[in-house]
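Visitor: Going line by line, the protein sequences match chains D and H. Numbering follows the numbering used here, in which position 420 of the first sequence is assigned residue number 412; successive positions increment by one, without gaps. Numbering follows the numbering used here, in which position 27 of the second sequence is assigned residue number 19; successive positions increment by one, without gaps.
Hints should not be assumed to be uniformly reliable.
What the hints assert, rightly or not - These stretches of chain D come out as covered by chain H in the derived footprint (C-beta under 8 Å, 3 or more residues):
hint: 1; stretch: 32 to 41
hint: 2; stretch: 94 to 107
hint: 3; stretch: 184 to 190
hint: 4; stretch: 259 to 269
hint: 5; stretch: 285 to 292
hint: 6; stretch: 378 to 392
Stated by the list, open to error - Computed from the model, here is a short list of chain D residues facing chain H with C-beta under 10 Å:
hint: 7; residue: 9
hint: 8; residue: 13
hint: 9; residue: 72
hint: 10; residue: 76
hint: 11; residue: 114
hint: 12; residue: 172
hint: 13; residue: 203
hint: 14; residue: 204
hint: 15; residue: 223
hint: 16; residue: 302
hint: 17; residue: 338
hint: 18; residue: 362
hint: 19; residue: 405
Unchecked claim - For each label pair, taking beta carbons as the anchor points, the in silico distance ranges come out as:
hint: 20; chain 1: H; residue 1: 204; chain 2: D; residue 2: 66; range: 20 to 30 Å
hint: 21; chain 1: D; residue 1: 266; chain 2: H; residue 2: 17; range: 25 to 35 Å
hint: 22; chain 1: D; residue 1: 260; chain 2: H; residue 2: 352; range: 38 to 48 Å
hint: 23; chain 1: D; residue 1: 348; chain 2: H; residue 2: 292; range: 25 to 35 Å
hint: 24; chain 1: H; residue 1: 375; chain 2: D; residue 2: 292; range: 47 to 57 Å
hint: 25; chain 1: D; residue 1: 285; chain 2: H; residue 2: 290; range: 28 to 38 Å
hint: 26; chain 1: H; residue 1: 324; chain 2: D; residue 2: 277; range: 47 to 57 Å
hint: 27; chain 1: H; residue 1: 250; chain 2: D; residue 2: 377; range: 51 to 61 Å
hint: 28; chain 1: H; residue 1: 239; chain 2: D; residue 2: 277; range: 49 to 59 Å
hint: 29; chain 1: H; residue 1: -3; chain 2: D; residue 2: 68; range: 37 to 47 Å
hint: 30; chain 1: H; residue 1: 407; chain 2: D; residue 2: 348; range: 34 to 44 Å
hint: 31; chain 1: D; residue 1: 260; chain 2: H; residue 2: 250; range: 28 to 38 Å
hint: 32; chain 1: D; residue 1: 59; chain 2: H; residue 2: 326; range: 38 to 48 Å
It should be emphasised that the hints constitute simulated quantities derived from the structure, not laboratory data. We put the beta carbon where it would ideally sit given N, CA and C, even for glycine.
There are 2 protein chains.
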Amino acid sequence: MSAPDSTALLTDRYELTMLDAALRDGTAHRRCVFEVFGRRLAGGRRFGVVAGTGRLLQLIEDFRFGDDELRYLRDERIVDAETVRWLEGYSFAGSVTGYREGELYFPGSPVLTVEGTFAEAVILETLALSVLNHDSAVATAAARMSIAAGSRPLAEMGSRRAGERSAVAAARAAHIAGFGATSNLRAGAEWGVPTMGTAAHSWTLLHDSEEDAFRAQIDALGTATTLLIDTYDIPTGVDTAIRVAGTGLGGVRIDSGDLPTVAAQVRRQLDALGATRTRITVTSDLDEFAIAALAASPVDAYGVGTSVVTGSGTPTAGMVYKLVARQDAAGGWVPVAKTSTAKGSQGGRKAAFRTLADGVATSELIAVSDGFDELDTAVEHPGSRALQTTLIDHGRPDTAALGDAGVAAAREHHMRVREELPLAARALSRSDPALPTVYVDAA
Amino acid sequence: MSAPDSTALLTDRYELTMLDAALRDGTAHRRCVFEVFGRRLAGGRRFGVVAGTGRLLQLIEDFRFGDDELRYLRDERIVDAETVRWLEGYSFAGSVTGYREGELYFPGSPVLTVEGTFAEAVILETLALSVLNHDSAVATAAARMSIAAGSRPLAEMGSRRAGERSAVAAARAAHIAGFGATSNLRAGAEWGVPTMGTAAHSWTLLHDSEEDAFRAQIDALGTATTLLIDTYDIPTGVDTAIRVAGTGLGGVRIDSGDLPTVAAQVRRQLDALGATRTRITVTSDLDEFAIAALAASPVDAYGVGTSVVTGSGTPTAGMVYKLVARQDAAGGWVPVAKTSTAKGSQGGRKAAFRTLADGVATSELIAVSDGFDELDTAVEHPGSRALQTTLIDHGRPDTAALGDAGVAAAREHHMRVREELPLAARALSRSDPALPTVYVDAA
């Protein structure tokens, strides 16, 4: 039998074979510090948004090896009998610090720091990266769209353009980064994200006439509903909608055509019919650029699909999980880093701060320690904000980061810290990060 | 309590509100034909590869509403009490025909055709599209890489760059489209995909020296293993690897640098050391273009990460789920289609064939029926191959398409039908589809 909801095999084979080899040579028990960071902001983004943290904490709780998982590893001879026994008792007992979910990040930001034995920490690599890379890519794209939309509401409607489980994570990440609602019901049930929806073209086509379809929708959902008016001819659709619903109709949705032109025409027609408070939602292949281009159009709300769930051209955040410090055989700490190429990284444990001047962020300050125990991630640098918090303390997750409450807190945190960004960070074009990353000695 | 593994809420809210409205006005029971197709091949691909079908059949089996799902829908007032009762007894009892998994597709190909009442078919829209759009995008990218790699083996190693569950689906889709193995253990356990792995840089950094790390890996995994030789200095790494393992070392992996240059240097050095049969695996940010550019380099195997799991620039296939025919109140069949814009589609039920001349595909022939019952999807057009098969027959899935066996059959089918493609389809540049789509009257 599988451990219920086991996440243990959502991992790369090499992590378990490294574990196997490390249990043989004794290095498995060396204490290690692994760090998750991005070398750059993928896609020429000005900032990144951390998302997935609350999901990850739960998935780490579920990282247990049940009979099914162990049998597979044994039958496929992926690890030996000793390693199977070790995995049988596995639950992560180390500690994790990291950026709060919803926080901004920049190149080199220590988004997550995992501390424990090599054995217990190395096997979380794939899971941590899968969650943070996917969710952060979506949240970063969503934040750009949210900035472009200004005060107009955004709904995430992209489930059909993402893997069926990633769609739920994407809805959650988009909500944290500013989207008001999602079409995805599981994101509502599991994470408390508000859900919304209108109707599909199939609804109109099912009926013998557009009028029949509109009438049935209003009978079921009331006049506050939103009618999809572009199945046949748009002006006829608008006429029919108001004739059937009256001028109190909640909204109409346009899903095709040149949206600035069509939205203006529909607004004029609605106003001429007296439906001055009927809202216009547009939904056709929008991304942050299309949303920005509609700023002067009479649009009341945006529904975004493909582009938000696929990170708007950048479907993965490109973070890596690297060993940055470990104990040697004598128990002393050694900072480590790959050195062969431009892919090199900065060894040592890190504490991160955002420096601010008059409330505006000025740099990502990263204090690097060659040692270990002496580094305090909560120290207040004058005029700066400490970015890391304890997410798992010796195996115990921060319960405030879990579930619905974690999502709500992450969204609130994101909206607050986004206000600290310099104006240049709000530009949509590809460029350099909005803040420089500054490394200092923690000594 | 939730239905075990329920997939019922992996859907858009509007499907259930349309169901709710249709149950009120009686149209819920009209028989309907929905079709999944792509209007174009996203990303300027020459062909698409259908993947996800076997997963989808299982997920449709699991599309059941348990107490948890129903309580959420009731508490959130998404549907009324009658609809809750209807959903309680739901299991899909209609029929599905479609392209076999692994089959190629082109613009307009009826990849999946779902027949049933409006009620039972409309609520599968999001799930069907999530699965097929994601998996087909990955399989299409994977097929391009597989063609570029020729006879050299490819391994999928991108789990960390995809949502944790999509990663499993991506490994499965890549295997169907030509990848020999994956790093993802769950894909091995759940779908029978062969797994592989080497070691990470953290393995070397964990040890007091590269030599210690190599020795420990060989002690655990034998000399047939693959050593990662670019943590520090590559020539030193190669020397150390052969000194420790001997000239019988299975392979070395290079994960950085200008790969054509580095691969040639490493090959020369290995040969000079007598390790003429030690294989070179390269793994740094490869996509189909980089693989093609390495064709003349002494590389023995490729490991591909980000680009395959994200569809190499095209993370979703862009298929849609459209109502194409329905019964009217009198029980007669009516072909239907949205007509307002260029997003229009072709109404009517369809039968699809690939025409061939001397074994080479020449067109995607789609016979369109205004009627319904008279259309035979299995009819043999001379010199053509029927593309559709029964996937669900009145609620009963084709068991041969499920599980490990379904994956193996899909891979074998893909490899066979790919051979039918005209040579132009093998080019990697963006262009038009390799085959024209030809619509004919089924009459």
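Visitor: Hints broken by the structure, by number, lowest first?
Guide: Checked against the structure, the hints that fail are numbers 1, 2, 4, 5, 6, 10, 12, 13, 17, 18, 19, 22, 23, 25, 26, 27, 29, 30, 31 and 32, while the rest are satisfied.
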